[in-house]
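Visitor: The primary structure of each chain is shown beneath.
Protein chains: 2
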Amino acid sequence: MSKLQQTLEAIKTVDKSLEPEIQAHLDDLTKPKGSLGRLEELAMQYCLATKNVKPELPKKKIFCFAGDHGVADEGVSAFPQEVTPQMVFNMLAGGAAINVLARNAGAELAVVDMGVASELEGEGLISRKVKAGTENMAKGPAMTVEEAIKAVEVGIELAEGAVADGFTLLGTGDMGIANTTPSTALYSVYLGITVKDITGRGTGIDDDQLKVKIDVIERALDVNRHLLTDPINILAAVGGLEIAGICGFILGAAANNIPVMVDGFISTAGAVTAMQMKTEVRDYLFFSHMSQEKGHRVIMEHIEARPVLDLDLRLGEGTGGALAMTIVDASVKIYSEMATFSSAGVSEKDD
Amino acid sequence: MSKLQQTLEAIKTVDKSLEPEIQAHLDDLTKPKGSLGRLEELAMQYCLATKNVKPELPKKKIFCFAGDHGVADEGVSAFPQEVTPQMVFNMLAGGAAINVLARNAGAELAVVDMGVASELEGEGLISRKVKAGTENMAKGPAMTVEEAIKAVEVGIELAEGAVADGFTLLGTGDMGIANTTPSTALYSVYLGITVKDITGRGTGIDDDQLKVKIDVIERALDVNRHLLTDPINILAAVGGLEIAGICGFILGAAANNIPVMVDGFISTAGAVTAMQMKTEVRDYLFFSHMSQEKGHRVIMEHIEARPVLDLDLRLGEGTGGALAMTIVDASVKIYSEMATFSSAGVSEKDD
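Protein sequence lines, in the order shown, are assigned to chains X and L.
Residue numbering for the first sequence follows the numbering used here, starting at 1 and increasing by one per position.
Residue numbering for the second sequence follows the numbering used here, starting at 1 and increasing by one per position.
Hint data in this document are derived by calculation from the structure and do not stem from the laboratory.
Mixed in with the good hints there might be a few duds.
For chains that are exact copies, the list does not tell them apart, and a pair is met inside one copy or across any two.
Cut-off 27 Å, straight-line C-alpha distance, at most; resulting in silico cross-link-like pairs (DSS-like, lysine-lysine) [said to hold, decoys possible]:
1) Lys333 to Lys59
2) Lys16 to Lys33
3) Lys131 to Lys349
4) Lys211 to Lys349
5) Lys33 to Lys211
6) Lys349 to Lys139
7) Lys196 to Lys59
8) Lys3 to Lys196
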């Protein structure tokens with residue numbers, strides 16, 4: 001059995017038998033029942049995912065997966081492809097938004113080259129290049145199924161390593177010029193949504209480029225139609241290397257009962273791919289924020305997810321995830337540090 | 001001229017001439033322009049409010065104002081009035097939700113007795129009791145105009161003290177059984193909204209109690225009708241001591257160019273009162289979260305405010321504000337710590 005198959009088999013729905021004990025503790029904290037709303041939900045989900053009714057503060061690490069996209073040749077992005085390696089170096093140097101927000105969250109950050117088109121070396125870079133950028137999916141499959149599986153398995157291995165290092169809350173991030181294009185294609189196929197309803201402006205394209213982008217995605221789906229048969233084949237045909245890495249990373253974490261904070265539009269495409277492979281993975285996912293990228297709201301509604309934050313972010317990298325990790329931290333502190341009604345001598349509700 | 005009048009005169013709209021310099025810096029950070037959405041807005045507002053184009057990390061302090069309400073006699077709350085002092089002691093002991101979330105935000109916390117009905121003493125308590133709880137507003141004015149002014153001026157003085165201590169981001173909070181009742185009455189009068197459209201369940205009353213609550217508020221507005229003439233008279237007639245304190249606290253901060261993070265339903269009533277007294281105060285206000293208390297969404301839409309967070313909180317104490325302070329911190333770090341395009345050697349957008 002392949003690593004991917006083993007991992008999929010290992011993913012189980014969370015153990016709901018712990019729920020009453022966790023809920024009883026939440027209800028004994030000195031506040032009206034349920035009055036901390038989503039903080040209580042987040043604490044519950046974190047406890048269930050990690051199978052721990054007395055959790056410590058999450059030990060957090062964000063993995064930012066980088067990859068290039070052959071489809072960038074079609075003029076679907078506002079930025080040139082050279083920005084992918086430039087931003088990887090910016091991350092390694094500590095100057096990108098994700099560096100600031102990971103530090104702010106007390107999370108470690110790893111940057112992974114899954115498939116940047118140029119040769120990359122740099123201190124701290126995790127080199128797992130499966131392929132030097134995908135092929136142009138408007139003309140054929142972005143990658144072979146073998147390459148897609150390899151990229152997914154890289155993600156699984158990275159998650160396993162992070163679990164072995166003791167991290168208890170993992171985060172996803174992405175860097176890859178043009179990567180809203182394959183993400184949109186994946187959503188369209190997996191969820192059956194019309195391309196133009198979810199195609200957005202990415203890093204900031206104008207109306208004409210938006211029309212081009214929609215046309216390119218439709219062509220990609222057309223030319224690859226015969227390959228769009230199951231989750232991994234679809235990922236290979238119209239996905240991306242960093243998206244495959246994110247998908248695998250999520251699967252690897254869930255298989256080890258470690259929850260994952262999913263960043264925005266690109267990371268959610270990895271998450272939806274993972275959910276297509278194994279529905280149960282959903283129990284381990286926090287959806288961090290509602291991206292300003294046009295289709296994200298449609299997709300969140302489609303998968304019935306309510307993100308933690310809604311701050312009009314559209315940067316990726318893991319930035320929304322890093323911010324939302326701080327809210328999960330707060331929820332665990334509420335769970336662990338508040339006084340209970342009995343200990344504090346506070347009267348309960350009149351009945 | 002009274003302290004209140006002096007403070008109102010000192011509040012000026014922010015200096016927009018700094019905006020181009022701040023915006024130019026935000027646009028030079030290594031990200032697509034505007035892609036950090038509300039983080040960029042928050043950084044801009046913080047810079048403008050503090051008149052500082054190179055801000056340091058905010059030094060933060062939350063003041064939780066406690067007071068009791070004579071109208072609790074009418075059965076408008078799910079909890080007995082004895083909970084107000086009990087929760088004050090819980091806060092002084094460090095066990096309440098606001099203690100956890102203030103620590104989490106790196107914010108100091110002060111608890112102020114503005115008008116708890118019982119005698120209170122405790123280490124760390126700031127005693128500024130104006131009156132041992134308001135009168136029952138369903139039968140007459142909650143307090144005299146002199147008492148209301150005194151409570152507002154206590155808030156101003158506390159803000160002035162915090163400014164003198166070097167705090168650069170202040171937060172509001174409240175504790176007071178039954179205080180959604182006067183808050184709702186204030187909203188109704190100030191904003192011209194029908195009582196039943198904004199009366200909610202507070203800490204968790206049932207349908208019958210909700211009907212009672214609506215009736216009590218309508219009676220309070222009726223019996224005090226002749227007093228509802230200007231902001232301070234309205235505050236005296238159907239407000240509360242902690243709400244008056246919050247109002248003054250906001251005014252005192254704004255008069256000193258220090259922004260205030262406004263917590264939920266009760267704090268917003270203090271903020272709306274302050275805005276009724278001086279529109280310009282708005283420039284200094286961050287609205288932290290959309291409370292789950294029914295009327296809050298209506299009120300946010302009415303005053304055209306978009307809160308930072310929407311986490312179904314309905315606890316008060318300053319909890320939503322403490323959480324949202326962490327997002328403002330993140331925004332200031334983004335502003336201060338990210339690399340610029342020129343320094344990082346990253347290509348800008350194709351034009």
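Visitor: Among all the numbered hints in the text so far, which are the ones the structure does not match?
Guide: 7, 8
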